[in-house]
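K.L.:
Just so we're aligned, residue 0 is where the sequence shown starts under numbering that gives the first Met the number 0, counting upward by one.
Keep in mind the hints are simulated off the structure, nothing from the lab.
Worth double-checking, as some hints may not be accurate.
[Said to hold, decoys possible] Pairwise CB distance ranges (calculated):
| id | residue 1 | residue 2 | range |
| --- | --- | --- | --- |
| 1 | A505 | G811 | 49 to 55 angstroms |
| 2 | S226 | P649 | 29 to 35 angstroms |
| 3 | P202 | Q724 | 52 to 58 angstroms |
| 4 | V514 | L571 | 26 to 32 angstroms |
| 5 | D699 | W405 | 34 to 40 angstroms |
On a predicted model such as this, the values are computed, not experimentally measured, just so you know.
The C-beta atom is built at its ideal place from N, Cα and C for all residues, glycine as well.
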Amino acid sequence: MKRRLLRILAIVLGSVLGLAVLAVIAGTVGVRGSLPRLAGRAHVAGLEEAVRIDRDDLGVPFIQAANRPDAARALGYLHAQDRFFQMDLQRRLAAGELAALMGPALLETDRDHRRHGFQDLARQVVAAASPSDRALLKAYAAGVNAGLADLRARPFEYWLLRQKPAAWRPEDTVLSLYAMAIDLSLSGAVEERDRVVVRELLPAGAQALLFPRGNRWEAPLQDDPVSGVVIPDSAAFDLRRWKFSGMTWQAFHDSVRQAADAAADPSGGDAADQVPPHDRAGSNNWAVAGRLTAHGGALIASDMHLALSLPNTWYRVRMAWPEDDAVRDLVGVTLPGTPLLVAGSNGQVAWCYTNSQSDTADLVIVETDSTDASRYLTPDGPRPFDRRREVIAVAGAAPDTLWAEWTIWGPVWKTDYKGRKLALRWTAHDATSSNLALQRLETVATIDEALDVAAVAGIPQQNFVCADADGRIGWTIIGAIPRREGWDGRAPSSWSDGAHRWTGYATPDERPRIVDPPEGRLWTANNRVVGGADLDLLGEGGYATGPRARQIRDALRALDHPDEEDMLALQLDDRAVFVQEWRDLALQVLERHPPAPGSPRDVWRRTVTERWEGRAVPSSVSYYMARNVMWGCVDGVFEVLLRPLRARDPQFHDWSLPYRLAVTWELLEQQPPHLLAPWHVDWDDVVLQAIDRVMAQAGDHPETFTWATHHETVIAHPFTQILPQLSRWLALPPAHLPGDGMMPRVQGGRSGASNRMVVSPGREQDGIFHMPGGQSGHPFSPYFTKGHTDWMEGNPTPLLPGPAVHTLVLEGR
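Could you put the whole structure together from the sequences, leaning on the hints where they help?
P.N.:
Written out as structure tokens, the structure reads:
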């Protein structure tokens, strides 16, 4: 979601901002007037009793309230004071209302998102909520509006855009959750769209090769075997005899060879972008049972990988209130726009997530009635499209009217390469799949209770890992799981005859669950976690290749009685275990084809042996050279297939083939002659040409070809992309950080760990937390970037807020 919003704002700011903003940012009274109130007293209508808010030296608040609704009002107040613009973008993104704030440049984005009908769905979710959940939403919204009203001036972004912020509504919290769903759940549907051209243009043998169910690097929690990469024999698929669109093989060969020779430099742009989205912007989490740890308490570790900008996605908080003759005490992270603790600990149970990458959305090939284009075929006969009129407000221009077409399965979302309409069947389009049940985690006392909550909570589907104060650990899937009938959901299909359909959602008893695993460890990293019937139920939405999960699993197994700092060290693990396998493969090829002394291939060989650090560190030349050979091998194998797919479907994404690395490895190992691209002499030549391309990139001074040279992390407010003059106030200095996409420390140019948290429930005082940026979204706040250095350096800073530096009291009367 952050990456999408960065692109959106970059489009619009050039047209609405001028150099006059420099004077504003430099310190006008209006901008400084939107600084949050840190101390003193403030009025928040509806509070039953006064709420005390202590902030520590990082600006992390400790909310001390008399009850849960008062805590929600106080949290809403803080979110509005520190992060209102972030919240506003979230709700507008889901609602399709960005153009109303930022003008015509955002109209197409709004048209795309308005098709989902999330505004109406959000109202339905609020209406269907329990009385206590609705009361919590209303209390939070009231707190947000009180916090916004208590600013002496509107947030500075609205000054720059010459707009005024709109009040917060209870349904806006649900829209914030839908914005996360757009970010987390739709990449699998994009992959499905791309598979249409693969299924219809490539023979079955090629399809089986490109879409294996598993691979050699996987580390699932369930060991049920699944089929790996299957190399088709020459009768099933032979590149030497294959023709595309009637082209002769020679003509096809020539066109593809030209493309291969002109292939993009894999070092260009964001270095992590060579990795599929689910391998670069996912998350890690794991748990260790108390019987294995140094102190006897169960440990969980969580680092959620997202696009990075200022402010950060998450807002830290500690909240406490009396309840049932005890004190309910929560600590962790919240999402501005929502009143819930997303991940953290309640003192008895701690929990965290990673994106499951299972399949929660399917594309339906809509068959239009051949006699009436306004109708489409269904199992009950032809039906007219439900055409919904959406009026989109546009700042500085006339409103736009969109007619969104809906089917019985969902909205018409995209078209395939033939222009056929594709309807989107997605869990997010069912109001029953979204709710506030996540709040119940605040009061659970055991992992069994936590897993029961996860079975009914309505959030975007995730891996849910938890631990309790008795030392127990558990895993399940949180979020709606559709039940499919008639097919596996891996590619679009027609549902017009009723043979393919959803038959509702999995019940709590049908969900996969792992409780107290015998080995005492759990881990997830956006990888395939289960097999067998559980995998059939979850489907495949583009699982990560697996090396990241495998490295975490192996490291956990090697630890002897770990503690919190051991967990943090694993989160910071930048060892190039996976890339080293590819380095070793390339060295074996060079043993068979010894390079001339002093030749570029010899320089590569000596660099990756004599200077091999085995880590993705900024100063490393050897890592970058080995990494690029790995991706060069993928290019050498896949360009022969990707070229015709892109020619037929310009919207095709290379990463829609998520197991390209696994397929490439098996081909290089098994060396089938009928699948070798014709411009290669043999399979060793694939590797040799990859080395040649890397050395050409390195140029005359390969010693300067470091990971840092091509791997710079930039974290900034989105306004800086159009007006770099604002970077003085709205950006952090560019940094060269360790990490990459295929190791626990995932780090890209604009993506990475949005937080790192380690906690043992009941031992929160020993917990660890840090995140990029700071608590506040205001550039003149002392907390705009406070704590960022700890995130960069991986320092074990405390999870709990420290001593109070500022105290604010909120009063209702």
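K.L.:
Each hint should be assessed against the structure and marked as holding or not.
P.N.:
Structure-based check of all given hints:
no.	hint	in the structure
1	A505 - G811: 49 to 55 angstroms	violated (43 angstroms)
2	S226 - P649: 29 to 35 angstroms	holds (32 angstroms)
3	P202 - Q724: 52 to 58 angstroms	holds (56 angstroms)
4	V514 - L571: 26 to 32 angstroms	holds (29 angstroms)
5	D699 - W405: 34 to 40 angstroms	violated (60 angstroms)
Hint compliance for this structure: hints 1 and 5 are broken, all remaining hints hold.
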